[in-house]
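Participant: So for the sequence shown, my numbering puts the first residue at 1108; every next one is plus one.
Hints may be right or wrong, so weigh each one.
Here are the in silico distance ranges between beta carbons for each label pair [said to hold, decoys possible]:
id, residue 1, residue 2, range
1, Arg1219, Tyr1178, 20 to 30 Å
2, Lys1284, Met1256, 27 to 37 Å
3, Gly1287, Ala1142, 19 to 29 Å
List of simulated lysine-lysine pairs, BS3-like, C-alpha gap at most 27 Å [what the hints assert, rightly or not]:
id, residue 1, residue 2
4, Lys1249, Lys1280
5, Lys1280, Lys1224
6, Lys1109, Lys1141
7, Lys1280, Lys1109
8, Lys1249, Lys1281
9, Lys1168, Lys1141
10, Lys1168, Lys1249
11, Lys1249, Lys1224
Calculated directly from the structure, the hints in this document are not laboratory data. Glycine included, each C-beta is placed from N, C-alpha and C at the ideal position.
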Amino acid sequence: MKITWFGHTCFTFSEDHLSTVLTDPYMRSAEGRKAFKARADIVTVSRNGNGNSILAELNGKPFVIDGAGEYELGGVFITGVQTNRKALGERNTLFVYHYNELTIAHMGILERLPTQKEIEQLGEINIALVPVGVTESWNPAKAAELVSMLEPDYVIPMAYGRNPENGKQSGLKKFLKAMGTDSAQQMDVFSLRSDASAEADETTLVVLNEQ
């Protein structure tokens, strides 16, 4: 299966003969970027703020999931666990996607660490997509703590945040430091066989280049 990152909290997950998922689409044209070209059978929306529910730029009519529950579409099993963003009162949904033997957790944008009950609802995680940007209530140190709670085989950082003065990514370097490293595997697309166990002795950090 292949995971591609389109900036912010937006990814596609694709696998032969299974549904393609697009997470948190946004109005790319408003940021001077090209519209999405990827075909999506399913769209998941993790939160109700910042324009992430904008679907106008997508082709076709994908099935949209924007809240908690259990779903099965095109061979992909999806579980949504709702959390709340304390500061703004906006809801955030943590999604877990089951592609054959692989599980991917998309953590959305968090204002607090998930409770133990919420973590247990997610189940075993092979690949965790974790927000690392600096906000008033979330920071790279908390992101690293979240990784230790999830114990995934792979972690892919997202939602880095940018320095308003120079536009540089402000969260990634601090997250790497919090994880005890100054480097990570870097690639355009992350590929892994979905019909084989991804269990590893330790968590591998993967940084995707924005497409």
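Participant: With reference to the structure, classify each hint as holding or not holding.
Facilitator: A quick look at each hint next to the structure:
no.	hint	result
1	Arg1219 / Tyr1178: 20 to 30 Å	holds (25 Å)
2	Lys1284 / Met1256: 27 to 37 Å	violated (19 Å)
3	Gly1287 / Ala1142: 19 to 29 Å	violated (39 Å)
4	Lys1249 / Lys1280	holds (14 Å)
5	Lys1280 / Lys1224	violated (30 Å)
6	Lys1109 / Lys1141	holds (21 Å)
7	Lys1280 / Lys1109	holds (25 Å)
8	Lys1249 / Lys1281	holds (11 Å)
9	Lys1168 / Lys1141	holds (19 Å)
10	Lys1168 / Lys1249	violated (37 Å)
11	Lys1249 / Lys1224	holds (18 Å)
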